[in-house]
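Residue numbers (the numbering used here), protein chains in the order written: chain H, 1326 to 1660; chain L, 1326 to 1660.
Since the hints were made in silico from the structure, they are not lab data.
Hints may contain errors.
Which copy is meant is left open, because identical chains are indistinguishable; a pair holds if it fits in one copy or across any two.
Stated by the list, open to error - The calculated lysine-lysine pairs, modelled on DSBU-like cross-linking and capped at a C-alpha distance of 35 Å, are: (1) Lys1576 with Lys1424; (2) Lys1339 with Lys1471; (3) Lys1328 with Lys1618; (4) Lys1329 with Lys1596; (5) Lys1424 with Lys1571; (6) Lys1626 with Lys1329; (7) Lys1353 with Lys1328; (8) Lys1328 with Lys1627.
There are 2 protein chains.
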Amino acid sequence: MAKKTGMRSVRFEKSVCIKSVSSVAGTKESEGPLKDCFDISVNDNLYGEDSWEKAEAKFAGRAMEEAVRKGALTFGDIDYILAGDLQNQTTASCYAAAKLDNSFFGLYGACSTFGEGLSLGAALIDGGWGKNVLCEASSHFCAAEKQFRFPLELGNQRPQTSTWTVTGSGAAVLCGEGNYPRITGITTGRIVDAGITDANNMGAAMAPAAADIILNHFRDFSSGPQDYDRIFTGDLGYVGREILLKLLSEKGCHIEEIHRDCGILIYDRDKQDTHSGGSGCACSALVFSAIYKKLIEGEYKKVLLIPTGALMSPVSVQQGESIMGICHLVMIEKR
Amino acid sequence: MAKKTGMRSVRFEKSVCIKSVSSVAGTKESEGPLKDCFDISVNDNLYGEDSWEKAEAKFAGRAMEEAVRKGALTFGDIDYILAGDLQNQTTASCYAAAKLDNSFFGLYGACSTFGEGLSLGAALIDGGWGKNVLCEASSHFCAAEKQFRFPLELGNQRPQTSTWTVTGSGAAVLCGEGNYPRITGITTGRIVDAGITDANNMGAAMAPAAADIILNHFRDFSSGPQDYDRIFTGDLGYVGREILLKLLSEKGCHIEEIHRDCGILIYDRDKQDTHSGGSGCACSALVFSAIYKKLIEGEYKKVLLIPTGALMSPVSVQQGESIMGICHLVMIEKR
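Whenever a hint applies, use it, and build me the whole structure from the sequences.
Right, dumping it as structure tokens:
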């Protein structure tokens, strides 16, 4: 059973495993450095649908199917689905789940949603709510740009601080036993408002929340950078990573060598210029396929996955409100 | 510890209590039949702010403060906040929680969010994640109409099937022990798509999901209407209640006498014509204050609270997509 650890964390002993992981990637993502790690590469960002919103729901649905299939399960074996996305009222996840018969919890943690799903999913598995819980998150560049920034048809120039919303979906099945990578701890973020109002600089909005959760995690588990093979943040990008490292360094904490950001890993900086990197719920969810592979292969024994989220809405940005950050940290080990 | 019961439910023995409940109600709600049950009545729907969105965040913040105060706690005693609302990207909850220092999980279950929060909050309390969990949900008539339907300034005529989004916020603190009303079971809904495309007829979109979760609950707990003092749905309104009763009656299930709908209870049909009744996340969250009072006073011993949600977005409605329904059922007992 979960054991509360410090102020913001819980620890699990052997109760929560990650049975399978899936990734369905869009065009640009399938041409990037991690292309060989994805289960399905889709070379049509409309995915045969007539709107970007419906396409995203299809990405979400395919990722859920693939995670269930790779876990040698059927949807009848899934006790709960926890899912979310960036669309207003998280409709991508809802339309995907509406085609299924499973009990459903909808989440909104902006781009941290995959971490939130793994966190609450772990609570359900550990708490005896069921045998298998499916966690999923998606995003779509076109649906997100249209909603949060400008119509794509305008062809706006994007500032250098902006990130490119990842198109795709990632999913994972959690279960209670088996020789799989295990979730051994969760640290839950608080909302940190750093006063950023530029919807094209989400790295700056999220970095303070990421620094906060990392420091909280180290304190709660009496650990430090030396205890992990890698620390993966979700989608800080180049701009956000720099701020994160500076904020941590000011506190005497140095993670430079083991820190990687999923938003930096997913695209090739030289060949696929996306300015500050990738972002979106699918960013950490897709890159997690690559991380999981290295856990299975033994290259990593203990990592932190920290999906990072920028909390804002089209309305809040138009009203000049600041963009808040939140993160959900998941500690994963394979022995 | 939670025990999985049937296909969609879990049962708790004595592990989850509802320590305190709060309600901060808007103008129309404070003039309705339940006015004496609310903690705070706000006679200015802008609540001193300069936008409806910010006003809703203030309602949410006040409800959280009040629930914590009534539980004789401080925010330092709260291990997690679970909250959500109807605004795009659930910004009301996020801006309210940004002023606090608590670990935060953002939820989106449309108007079923309060039930979703109580469900996942119960999982955290039962699972040993902490001592106190705060669950909150809000909605605001003006913010919702503007976002989902028409600018208020147009003064559109509303069809008879439409409901009136409740302005306000309700919150509850869950804890592990004490002589309080207890959450003894949870039944989690699946997403049901009944093919409704009219954003002014949400009762019809949600009633099939409500019928589904009630039948699932009775099956999972081997119970029936005779086992409950009351069954409260969230915001089906007059139109949705009629459909619900018909759907259940077709399955040989009769709950007419003990069924109440929070959307019907919150407004006076004759003096406050709102057509089909009230709706919004705050509908069941506010009415829960009245229900909780009757549990404390001994008038009810066992009730079902079933917040009902209509899953849609402004974009999905404009694209002609159907409006899906979801419900989250919480079984509450006081002995």
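Structure-based check of all given hints:
For a Cα distance limit of 35 Å, the shortest separation of lysine 1576 from lysine 1424 across copies, 23 Å, qualifies, whereas the shortest one inside one copy, 48 Å, does not. Proximity of lysine 1339 to lysine 1471 under the C-alpha cut-off of 35 Å is found in neither arrangement, the shortest distances being 43 Å within a copy and 49 Å between copies. When the C-alpha separation of lysine 1328 and lysine 1618 is checked against a cutoff of 35 Å, the pair qualifies both within a copy, at 28 Å, and between copies, at 33 Å. When the C-alpha separation of lysine 1329 and lysine 1596 is checked against a cutoff of 35 Å, the pair qualifies neither within a copy, at 45 Å, nor between copies, at 51 Å.
In this assembly of identical chains, lysine 1424 and lysine 1571 lie within 35 Å of each other by CA distance solely across copies; the values are 25 Å between and 46 Å within a copy. Taking the closest pair of Cα atoms, lysine 1626 and lysine 1329 come within 35 Å of each other both inside a single copy (23 Å) and across two copies (32 Å). Taking the shortest Cα distances, lysine 1353 and lysine 1328 never come within 35 Å of each other, neither inside one copy (42 Å) nor across copies (45 Å). Proximity of lysine 1328 to lysine 1627 under the C-alpha cut-off of 35 Å is found in both arrangements, the shortest distances being 19 Å within a copy and 31 Å between copies.
Figure legend: structure checked against the earlier numbered hints; hints not met, in rising order: 2, 4, 7.
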